[in-house]
Amino acid sequence: MNSENNTTPETHLPLHPLEFQVLLRLTEGSAHAYAVVCSIEKQQPEGKRILPTNMYRRIWRLVSSGLVEEVPGVDGDPARPRKHLGITLLGRRVAVAEATRLRSLLLHAEDVGVRPEGGARR
Amino acid sequence: MKDKPGSAWEARLFRMWLRLLPTRFGPDVNANIVSLFEDRLDECGSRTLARVGLLVRSLADALWHGLGGWLDGKKHTKTTQPTVNTPRGLGVESMLHDIRFAVRSLRKRALFTTIAVGALGLGIGGTTAMFSIVDGVLIRDLRYRDPGKLVNIWMAFPSWRGQEESLNNYWDAIDVRAVDYLNIRDHASTLSSVAAFWEAWGEGEAAVTGEGQPEALSVFEASANLFETLGVQPVLGRVFFPEEVTPEGDPARVAILSFEIWKRRFAGSRDVLGQQILLNGISFEIVGVLPEGFRLASKPFEKLPNAEAVDDGLRDIWVPLGITGCFYNCAHFLQLVGRLAQRASVDQARAEVQTLLAESGFEQIARVVPTKEIITRGFGTPLSLLLGAAAVLMLIACANVTGLLIGEAPGRQHELTVRSALGASRGQVVSLLLTESVLLSLMGAALGVVLAWLGTDAVLAIAPALPRPEEIGISGRILLFATAVGIGTGLLFGVVPALSQTKASVGSTLRVRNRSGSARLLQTTVVSAQIGLTVVLLVAGGLFVRSFVRIMSVDPGFDPDGLVTQRVTLFQRISRQQRELLVGEILRVTRDVPGVRAVSVTTDLPFPGRGTNVGLSFQRNGEQVGTTVLFRATDPTYVETMGIPLLRGRLLSDADEGDAPGAMLVSESLAERNWPNESPLGVRISFQGLDYTIVGVVGDVRQEALGIEVQPVFYVPVAQAIARTHDLDLTMVVKMSSDPVVTLAVVRNAIWSVNPDIVLHEANTMAGLVRTSEADERFRALLMWTFATIAGVLAAVGIFGMTARAVSARAREMGIRSALGADGRGLIRLVLKDGLLSATLGLVLGLVVASWASSLIAHLLYEIEARDPWTYLGAVVLSITTCTLAAYLPARRVTKIDPMEVLAEE
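Taken in order, these protein sequences are the chains called A and B. FYI, my numbering numbers position 47 of the first sequence as 47, with every residue one higher than the one before it. FYI, my numbering numbers position 7 of the second sequence as 1007, with every residue one higher than the one before it.
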């Protein structure tokens, strides 16, 4: 994607939580959308499901922003097309930038006395 | 993205949904979305609930994210800029932006907005007003428990008319005898319960005395199970106990009040229970109060025009039914209401009641008709028809606004082109234009609701006595209806101009010219459609008006001019001699009032055609023959006072009164039916155990309404008839030569000078009664003609606008033509051509549709063919004149175009 060369990671921040989660999952390796969904849902509270159009709206934006790209993948069922997705270099940088942003936000929260329940103290 | 044969239905539906939505994603991504949906569906396995839940949520998700994405604008899909960081990132925001813009744009174009909102307001207002009436009268459930199971039961004699005909007419429906009621109640398995009631005590009038002013009330006798059958609980006290209602013998002296009487006479006091109420001098203990608005569905002929249906329930008192003596198996007096048993149909109940009636030996037809059908009987078709006409008016309003929007297109071209140039996608521009039109129509809907609110009352004022008037009004349902209609019409009239304008916005000069041609075609089509629909309304309105005029020219059979009617009732037990003296005295004092030319009394009057159908028997060719005829007991001068012509024999005279040998007049139709080609004079007839001789034949009189065929009737001297009653209940007919209001006041005082306890009620002019009987026809004609007129005005505005725009658009061409020597007339003809082409197209289309539509209303017309050539011709002439005038006025402006000015502008 050309856009990788033209933008800095910071221009993409803040990320939508779902988009950040997709990037995090893809950092572990390429996967098709359903695998990404299953993996994200495992980390979420029970019953909160990600619905197809919402998922693809996020993927579509990540792809069009050059953070995620289509990669060749093997799929068992030819009748059910599954796009395999992989994270781009820009995507990794954006994920890092978002993580940094969130971390500094968390630190700021702790500084003002807002701490996550059961979280570690500095 | 084709459906795969193996796909689950949920997946197919979801795929179709995505295809319908204008999402930002292409087919490729959509296929992936569906694939993900199928994966999720597999997780649900065969759990239907889970699968459907997923489907519903996914459909909503697609609508929110897919459509939201589309409204965000396609340009974001091509840029690297993340949508979340753009000011118009969210669909809702985008929509709010569009709304703000649309408001500004509409405010700038105040004239356009006013005309469009006015047209839409008229269309939506008319439809909403009609819908509120249709909803109240036809759609809402009756206020009984499980009202769909309730049926009314009555009977008819097949010998009177054809079976099918009887169903559609009032007068041959007859009440049920007590013996038949008990038989049906005890043996019908298709009816879980059957209750009986009747309007007791001399035509349903009883005086309530005691505390407060004496007043006339309706007293109904009811079986113990009536309220249980209807599923009505009293708001206070109880209903009747079974032992209080006796099939034979005197019932208990207990009474249940209507809510309205309780509020009015007893100020809604809870202490009313146990109090006594005096009805015709007999004391009843009050045991219960019925819920507010309780009305009882009577058999159809109780719902005649003028039958004071509006007062039903407001004056009702219920007492237990007592069936005694001859009433048990002679009199047809009970009205039955039944509740269908589980799984029993109306047809099954009818068949069973038919069998049970046959057991009684009479050749009777059973009528078992759903209660709601009876209440709304005769109103379904006319009201639906008027609702349809209102909907056509709304379509015309839509077409009108579409025409206006198309006409606006050239003026807005520049603005739209700039928007596109600044990067607005077509979707965004279409969305903007659609927001504008929906906003416009919602404003129209708001105006429409106000007009409907005012209009419903106006419509009800000219409407005949509609059933369930208390249900009619602007409610939440109606507002929802108006809003839905508003949004629907906004999309309907907005989508075509929006698509056509955005196409043109990116065009080159050449393409714009081509598009202006297609816009003109579109405009021609829209104006033609308006004219076509207007012609349909004009034809329908014309037919109804002609039918109404025809019906009003029917001779009622008497002369209503100067006739005033006045019901005279005395709720006292008086002797026969006293009664005769009283009637004589009332007639004498009335006759002496200046301005009174003649006065008579009768038991019942035509219009509303109340009266009793009674059995007569006589000898014909050595055989005893029976027939059923409408009966009137009158004083000797009645026929003369009414202006009914004497055809043969003589009138009744004073000599026929009292104990004289019975004399009788028969109407022409009765004579023709029973004694064709021979004179009925001198024939001896047996009626209620007395012998009468026919002494004269008089003209037929329309009884119920001008449009309803004459009924056979006979007249006997009133003195002989009232000799059998205990009280006095007659109607006076006074022929006046002066102002009826003043004279009637003097007449009333004169009567009270004879006896101050006489109740004088139901004063009417006969002409007014005749007019009211045609309220249905008047209502249809007036409303349809109003719709047609509004439609005509809207269509004229449409043509006017189209021609005016054509003149402006072709000013340059006209200037040059004028400079080259073309004369004014030629130029006008040139400009008129478009308008008149639309008119002609619309006219032809309208006539074709009207000829089909008029066959639908043929049964509502009186002696007018559905394809009445004069009506069609009238509609054509009116349309052509209006269209020509509407096009000619703006077309004249071409002659005022100054060629020098136009060329100088170039």
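These are computed hints drawn from the structure, not numbers from a lab. Hints are supplied without guarantee of correctness; some may be wrong.
Said to hold, decoys possible - Derived list of chain A stretches under chain B, where covered just means 3 residues or more per stretch with a C-beta under 8 Å from a C-beta of chain B:
1. 30-41
2. 52-63
To be verified - Label pairs and their calculated CB-CB ranges:
3. A/Leu-102 - B/Leu-1049: 35 to 45 Å
4. A/Glu-10 - B/Arg-1477: 49 to 59 Å
5. B/Gly-1488 - A/Val-112: 31 to 41 Å
6. A/Gln-44 - B/Leu-1454: 32 to 42 Å
7. B/Arg-1477 - A/Leu-107: 51 to 61 Å
8. B/Ser-1046 - A/Gly-29: 39 to 49 Å
9. A/Val-112 - B/Thr-1417: 45 to 55 Å
10. A/Thr-11 - B/Thr-1048: 43 to 53 Å
11. B/Leu-1479 - A/Pro-72: 53 to 63 Å
12. B/Gly-1388 - A/Gly-73: 41 to 51 Å
13. B/Leu-1422 - A/Thr-11: 40 to 50 Å
14. A/Thr-11 - B/Gly-1388: 38 to 48 Å
15. B/Lys-1108 - A/Pro-116: 51 to 61 Å
16. A/Gly-29 - B/Arg-1477: 32 to 42 Å
All values reported here derive from a predicted model rather than from experimental measurement. Cβ coordinates follow ideal geometry from the N, Cα and C atoms, glycine included.
Hints, one by one, checked against the model:
1. 30-41: holds (count 3)
2. 52-63: Contact hint for the region 52-63 of chain A vs chain B: holds, 8 residues under 8 Å.
3. A/Leu-102 - B/Leu-1049: 35 to 45 Å: The hint (35 to 45 Å, Cβ to Cβ) holds, given that A/Leu-102 and B/Leu-1049 are roughly 38 Å apart.
4. A/Glu-10 - B/Arg-1477: 49 to 59 Å: holds, 55 Å
5. B/Gly-1488 - A/Val-112: 31 to 41 Å: Given about 53 Å between the Cβ atoms, the range is violated.
6. A/Gln-44 - B/Leu-1454: 32 to 42 Å: Check failed, 56 Å falls outside 32 to 42 Å.
7. B/Arg-1477 - A/Leu-107: 51 to 61 Å: Because 57 Å falls inside the window, the suggested range holds.
8. B/Ser-1046 - A/Gly-29: 39 to 49 Å: Hint violated: Cβ distance 33 Å, outside 39 to 49 Å.
9. A/Val-112 - B/Thr-1417: 45 to 55 Å: With Cβ atoms ~53 Å apart, the hint holds.
10. A/Thr-11 - B/Thr-1048: 43 to 53 Å: holds, 47 Å
11. B/Leu-1479 - A/Pro-72: 53 to 63 Å: For A/Pro-72 against B/Leu-1479, whose Cβ atoms are near 58 Å apart, the range 53 to 63 Å holds.
12. B/Gly-1388 - A/Gly-73: 41 to 51 Å: Violated, since B/Gly-1388 and A/Gly-73 (Cβ atoms, about 59 Å apart) do not stay within the stated range.
13. B/Leu-1422 - A/Thr-11: 40 to 50 Å: violated, 22 Å
14. A/Thr-11 - B/Gly-1388: 38 to 48 Å: violated, 60 Å
15. B/Lys-1108 - A/Pro-116: 51 to 61 Å: holds, 54 Å
16. A/Gly-29 - B/Arg-1477: 32 to 42 Å: violated, 57 Å
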